[in-house]
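Colleague: Sequence:
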Amino acid sequence: MELEYKTLFISKSEIEQPERRALLDELMALSREWADEGCCPSYGANDAEEFLDKPVYAAFSDGIIVAYAMGHEETLERDHSYGKTGETAFELDELFVTRSFRKQGVGRVLCEYLEEELSDKVALIELIAATNRYEELLRFYTRELGMTFNYAFLVKRIAAK
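Numbering of the sequence shown is given in my numbering, commencing with residue 838 and proceeding in unit increments.
Calculated from the structure, these hints are not laboratory results.
Don't be surprised by glycine CBs; every beta carbon is placed ideally from N, CA and C.
Errors might be hidden in some of the hints.
[Stated by the list, open to error] Here are the simulated BS3-like cross-link-like pairs (lysine-lysine), alpha carbons at most 27 Å apart as the crow flies:
1. LYS849 <-> LYS891
2. LYS891 <-> LYS998
3. LYS921 <-> LYS843
4. LYS849 <-> LYS958
5. LYS891 <-> LYS921
6. LYS998 <-> LYS940
7. LYS940 <-> LYS843
8. LYS843 <-> LYS891
[To be verified] Label pairs and their calculated CB-CB ranges:
9. ILE995 <-> GLY923: 38 to 44 Å
10. ALA996 <-> GLU839: 51 to 57 Å
11. PHE846 <-> ARG945: 19 to 25 Å
12. GLU853 <-> ALA960: 35 to 41 Å
13. GLU853 <-> GLU924: 38 to 44 Å
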């Protein structure tokens, strides 16, 4: 399977162009697919605005988007266990691979592509993740991508008496 990895940037002024609109529609369809899976308790499908005027890293198979990643850059305002004040980080907000392309290394290679694209801009890649499949998620990010586990926020809802 030969995949192509690209950085997309679709501006608001381009969405009337048929080829740009088609890319945006593909991204929104993948986002709906992710939301429909129900694996992330807090995830809702993106609307067009959430993909516009920002870089989106994508994997293509035969010209069709099969995976995407996006996030935002930020400057650390205080020291953390993983970084120092003033360092620039990329917070990975979303990474999704369509079901038929999972378990084939697509997400790993997409993240490697993203890392290469960002290597001259940021010092860190970070993420906060919510999923019902946390063991799989941790295995992917720590073993496949070499990220370190820094902390967890766990919740248990209790019944009122």
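Colleague: Where does the structure disagree with the numbered hints, that is, which hint numbers, in rising order?
Modeller: 2, 3 and 6
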